[in-house]
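Using the sequences plus the hints, can you model the full thing?
Residue numbers (our numbering), protein chains in the order written: chain H, 5 to 435; chain E, 5 to 435.
Bear in mind the hints are in silico, worked out from the structure with no lab data behind them. Hints may be right or wrong, so weigh each one.
Chain copies aren't distinguished; within one or between two, either way the pair holds.
Unchecked claim - Within a straight-line C-alpha distance of at most 25 Å, the following computed DSS-like cross-link-like pairs (lysine-lysine) qualify:
(1) Lys-158 x Lys-421
(2) Lys-38 x Lys-149
(3) Lys-38 x Lys-158
(4) Lys-149 x Lys-328
(5) Lys-158 x Lys-32
2 protein chains.
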Amino acid sequence: MQASPLKIGLLGLGTVGSGVVQILQANKTAIGIKLGRDLEITKALVRNPQLPRQVNYDSIRLTTDAAEIIGDPEIDIIVEVMGGIEPARSYMLEALQCGKHVVTANKDLLALHGRELLDTATAAGKDLLFEASVAGGIPIIAALKQSLAGNQIKQLAGIINGTTNYILTAMAEQGREYADVLKEAQELGYAEADPSSDVDGLDAARKLAILASIAFGSAVTLNDVYTEGISRISKTDLEYARELDYTIKLLALANESEERVEVRVHPAFLPNSHPLAAVKGVFNAVYVVGDAVGETMFYGRGAGSLPTGSAVVADLMQVVRNMKTGANGNLNCTCYRRLEIKPVEEFKSAYYVRLQVKDEPRVLASLAAMFAEAGISFASIIQKPKPDEAAELVLVSHPCQEGQMQQAVENLKVYAKVLNICNIIRVEGGQ
Amino acid sequence: MQASPLKIGLLGLGTVGSGVVQILQANKTAIGIKLGRDLEITKALVRNPQLPRQVNYDSIRLTTDAAEIIGDPEIDIIVEVMGGIEPARSYMLEALQCGKHVVTANKDLLALHGRELLDTATAAGKDLLFEASVAGGIPIIAALKQSLAGNQIKQLAGIINGTTNYILTAMAEQGREYADVLKEAQELGYAEADPSSDVDGLDAARKLAILASIAFGSAVTLNDVYTEGISRISKTDLEYARELDYTIKLLALANESEERVEVRVHPAFLPNSHPLAAVKGVFNAVYVVGDAVGETMFYGRGAGSLPTGSAVVADLMQVVRNMKTGANGNLNCTCYRRLEIKPVEEFKSAYYVRLQVKDEPRVLASLAAMFAEAGISFASIIQKPKPDEAAELVLVSHPCQEGQMQQAVENLKVYAKVLNICNIIRVEGGQ
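Okay, structure coming up:
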């Protein structure tokens, strides 16, 4: 005899919540057979029960009272897809303490309060699973927690924000400026009315904090991540990138060496031969190098109702499998050590430097000397004449420390032949 | 107090076995902390204990007697990395019946006898895990079994044989012929002295049988997979592919529709815009489309000591986690239905057809009529003059059924103006 359906309560019935409902409806039979038990969403917390919705929720009781769901003894699993810090945090803590398993897509919350939530879950012997919090349907958290667990992770590089990747791809392919493409992305719904969380790199930084914590087994929070956005990238930079056989991406980078974790999100030149360079539009990908596995990459849709819903449903199925064998709560937090965060001055990168200088003899020689003084040498140089006795100079350096580049920039600022420091962008993904 | 080390017996200490030993030595501390228990390889089955080996095996007792390992009551987990059908099959069955968990990299065995082995494991309540059997370190089996389990898988396309991908990449990039590159691959150790299992597509077919069984929840064996190799691909075909903005890959393809599974391995034209087209050299990748998650791709090294060892170690760690909670044996076989295999005549593809014809008026018109009679029309045509009054004609068709193309080819064979049917290659990855 088959066990009775397992009851699920949804906190939130927006984009992701609707995706979860749709998937559980569409693939109900196969999921039921695979688990030996049906999954049934019985209640959903919403702001306004009268709103028209895109999914069929006939069998789901909508409520504006969270206690009606969290306090329901018939509900075994809470799916938190409302987003934001509060009241999501309190609801999740309460649900865990009430003996419910929690599946969440909430990166904001995990990037700040992950440790507290995971510890609460483990203490309660309940699952707190969060595959959907990073890179939508791409199973990168399962990969890091389990499939690559025998590796020492050397490097993690991700394109984990679809909005900025859409903007940079369109700028590169259509030769358009940032503001123009951003406006279009907002009209198409790929960027929000207030796009700052995406374009300033915060969204990617939150996801990177979660990924780095798992990859290196040491808690990293949003505040640890050095973050720059893409708003200063211009059409001209993308043209030079193409000329030099590079692509510009908003990269989320993490690595560990000498017991220190380096975590940063910023635009970067990436060689066209790098696996991440081919990741276009709203797609996401995470490139992971392990000491045993070598280079790997995980690619797919990083957002959206159904892709993110796919990750939530996978976690729900895992909770049910764990319930069958009493294995819940055993793979919540995978942190097992406490590493330092590397300070920004010690980051090491190559750099693309674009300057407008006076078109006079010996300017290049003086500039080269100025960089050499800071210990920086160059791999490529492009010089192009501009109107009004100016020249545009593009320099691509060999790798140096962030501190060295900061020193060189201080020198550039007071050198009268430099008319404008147009842009400085890190170059990553080299050998 | 920490539990005593968990004891592992290796069957085989070749390429993969050595990788497992190396990883467990290099990452011993971290793995021990993550699991709360150390892993220790105590014995290894070898053909010749006197042979020099690349790994330090001081603490491992080498033996030529399998019973000394399988019958050792102190050993909890058997790692089968000897390969081949027998005696590997008997050893694994015996080990499972003796109450040991088994981790294997043996695709040959699983593609033929997977069902028997998995059923034996489940009946014994033991784990039989096999991530390492497909695509080396890429965690594609975990992805299909767990992370994408809420999806109905629509399509699976893989580059899952490194040898053939190395050969095709070198042919394309260096403009060389098949035999020439194969010889070089053999010298470099990328191809075996007898390369037939790789170049004839058998190795990829075995892996596809395993992947398709999991993706569609229905047992597929090697004998179900339609298989063609790459030996008939010439430099000229690769040149035309480039001209048409395609790449030629040995593709492993599977899809399901109307309760039937289609499984095939053959060379194929793939648009350069397809995510798999950028997978070069010995790298592998598996592209999976699910109804919820959409397009995803998993990329990495598909073979080699450490990458394959990485997958074995991940499975070992999973066995240990399962042992802690008594969850062993719960995710061995994921087949839950019995689907038919689609016959080859009903496969649907577009085709690249390269012909040598007499360079005379109206030949093209006659050919077009001949194909039209079989219901086939064309998307692209290239005609080039050749010496001796011949012309080379390349036709790329719209999608049609395999049976239609077979009928057209019969007609071509008896048409006097066709001097030679140089090659016919399927075109995949279109919309």
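Against the structure, the hints:
1. Lys-158 x Lys-421: neither (42 Å within a copy, 61 Å between copies)
2. Lys-38 x Lys-149: both (23 Å within a copy, 10 Å between copies)
3. Lys-38 x Lys-158: between (36 Å within a copy, 17 Å between copies)
4. Lys-149 x Lys-328: Both, since 21 Å and 17 Å are each at most 25 Å.
5. Lys-158 x Lys-32: between (40 Å within a copy, 16 Å between copies)
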